[in-house]
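K.L.:
Here are the chains, one letter per residue:
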Amino acid sequence: MTETVLIEACKRRESFAQRLLYDRFVDKMYVLCLRYIVSPTDAEEVLSDGFFKFFRNIDQFTYIGEGSVQAWLSKIVVNECLMFLRKKKQLVLTIDDHVTHSNLAENDTALQQMATKDILRYIQEMPAGYRTVLNLYVFEDRSHKEIASLLQISESTSKSQLFKARAMLRQRIAGVGYNN
Amino acid sequence: MSSSFEQQLKERLEQSSPEDLGYRPDREQLWNKIATQQKSRKIPLRLWVSHAAAIAAGLLIGVFFLATYKDREGDSGLKPYSAPQVTAVAPQQEAAPPATTGNTPGAPTAATQQAAVLPQQSLPVQRRQVASPPQGTAVATKTPATGPNAPPAQDLPAVQEKEQTPVVAQAERRKPKVLHLMDIDNENTRVMRSPQQQNMAWAWLVPPNQATSAGTSFSAQLKQDILKFKN
Chain A
1 MTETVLIEAC
11 KRRESFAQRL
21 LYDRFVDKMY
31 VLCLRYIVSP
41 TDAEEVLSDG
51 FFKFFRNIDQ
61 FTYIGEGSVQ
71 AWLSKIVVNE
81 CLMFLRKKKQ
91 LVLTIDDHVT
101 HSNLAENDTA
111 LQQMATKDIL
121 RYIQEMPAGY
131 RTVLNLYVFE
141 DRSHKEIASL
151 LQISESTSKS
161 QLFKARAMLR
171 QRIAGVGYNN
Chain B
181 MSSSFEQQLK
191 ERLEQSSPED
201 LGYRPDREQL
211 WNKIATQQKS
221 RKIPLRLWVS
231 HAAAIAAGLL
241 IGVFFLATYK
251 DREGDSGLKP
261 YSAPQVTAVA
271 PQQEAAPPAT
281 TGNTPGAPTA
291 ATQQAAVLPQ
301 QSLPVQRRQV
311 ASPPQGTAVA
321 TKTPATGPNA
331 PPAQDLPAVQ
341 EKEQTPVVAQ
351 AERRKPKVLH
361 LMDIDNENTR
371 VMRSPQQQNM
381 AWAWLVPPNQ
391 ATSAGTSFSA
401 QLKQDILKFK
411 N
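Line order of the protein sequences matches chains A and B. Start counting the first sequence at 1; every next residue gets the next number (the working numbering). Start counting the second sequence at 181; every next residue gets the next number (the working numbering).
One should not assume that every hint holds.
As the list claims (entries may be wrong) - Negatives, chain A to chain B, calculated, CB over 10 Å: (1) A17; (2) D42; (3) D59; (4) Q60; (5) I64; (6) W72; (7) K75; (8) M126; (9) H144.
Said to hold, decoys possible - Okay, derived cross-link-like pairs now, BS3-like style, lysine-lysine, Cα gap no bigger than 25 Å in a straight line: (10) A/K75 to A/K87; (11) A/K87 to B/K213; (12) A/K53 to B/K219; (13) A/K28 to A/K88.
These are computed hints drawn from the structure, not numbers from a lab. No experiment lies behind these values; they were computed from the predicted model shown. All residues carry an ideal CB built from backbone N, CA and C; glycine is no exception.
Turn these sequences into a full structure, and let the hints guide you.
P.N.:
Following this line, the structure appears as structure tokens:
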């Protein structure tokens, strides 16, 4: 069943189509939630809220091509993650001066050899501010201007947070010691 | 900062499943939760209806109480006080100069007595004598003025006859206070500081030839006068 047919059926509130759409995107959305939220229980709660809002507002969605459904669903889930972090007051931007810079080339090689779950673990271990800016810039392809308006910070703060997040991640991947 | 590092990072994570990352979510339970949330969407509508019903009931009760309160206000004491048995008309409460005829100096006339009996007083004696005077009799009318407009002489005996009946002023325009003679005594003892002040305060009530003596209170004299007329 194509996405167009599924979307039209979901607009008619057909539970079978909704279930198919859910099964198609639940894994990707769950990993997305885990990048923002450390706790799996909280991630599942945010994921269910995201899907609920997706089905509730499906009438406002217009299918424009391949990947538009995932993009729209990702946007909804990311907003839910940010709302959750704000509600829990975890979205605190930290200023860490203990980050040391490492060699770029070595990090690329190390990244390829590293397990994906370790990469995710390093991302989750970062401070919430670093992690959020990194996710929005790298994974959601948002600009610093958009990140600044989403998180209600300045563009320069967004840039500095991203710089420090990258550096911290590289240090962890490269195995260089990092002091909090 | 190279983009290849970030690109690799993105590709590695987006292509991974939760199981690759060490997580095993309960997809069925998550779907049941979503389905339950969708079904519970109908409840807010019922909540709106119940809230609207509660507001409507409150408004009805408020309107009901407001209406009954207005009715009660209409029935109770906002009406001007009207002495029971209002009879004779004493249009001129202000000091009526004594009548030119039949007026013995020193003796209070009906006009003065009536002026003394103000709406503020409701004397039991006067209440008993409330019989409405026959129409046309000039009971405590304006003091007959001398001149071309002076009433004919035959009206004067009627006036004199009615002098003995104290007339209760009709209190339509203002709310008279119920003030007994004893209260007047008490008031006068407080109010009276000097005979001059007393005279000034009651000048409009007491004619010049009725100035009270220094030793007696005005209310006492008034009492005497009333009793005199009664007898």
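K.L.:
All hints are to be evaluated individually against the structure, with a verdict given for each.
P.N.:
Comparing the hints with the structure gives:
No beta-carbon of chain B comes within 10 Å of the beta-carbon of A/A17; the shortest separation is about 13 Å. Distance check on A/D42: its Cβ is at least 12 Å (rounded) from any Cβ of chain B, clearing the 10 Å threshold; non-interface status holds. Every CB of chain B lies more than 10 Å from the CB of A/D59, the least distance being 14 Å, so the non-interface label holds. Listed as a non-interface residue, A/Q60 keeps its Cβ farther than 10 Å from every Cβ of chain B; the least gap is roughly 16 Å.
Listed as a non-interface residue, A/I64 keeps its Cβ farther than 10 Å from every Cβ of chain B; the least gap is roughly 21 Å. Separation of A/W72 from chain B is adequate, the least Cβ-Cβ distance of about 16 Å exceeding the 10 Å criterion. Every CB of chain B lies more than 10 Å from the CB of A/K75, the least distance being 15 Å, so the non-interface label holds. Separation of A/M126 from chain B is adequate, the least Cβ-Cβ distance of about 13 Å exceeding the 10 Å criterion.
With a closest Cβ-Cβ approach of about 13 Å to chain B, A/H144 is found to remain outside the 10 Å limit, as its non-interface label requires. A hinted pair counts as satisfied when its Cα atoms are at most 25 Å apart, and A/K75 with A/K87 qualifies at roughly 18 Å. Distance hint between A/K87 and B/K213 is fulfilled; the C-alpha atoms sit about 21 Å from each other, no more than 25 Å. A hinted pair counts as satisfied when its Cα atoms are at most 25 Å apart, and A/K53 with B/K219 qualifies at roughly 13 Å.
A distance of roughly 24 Å separates the Cα atoms of A/K28 and A/K88; the hinted pair therefore holds under the 25 Å criterion.
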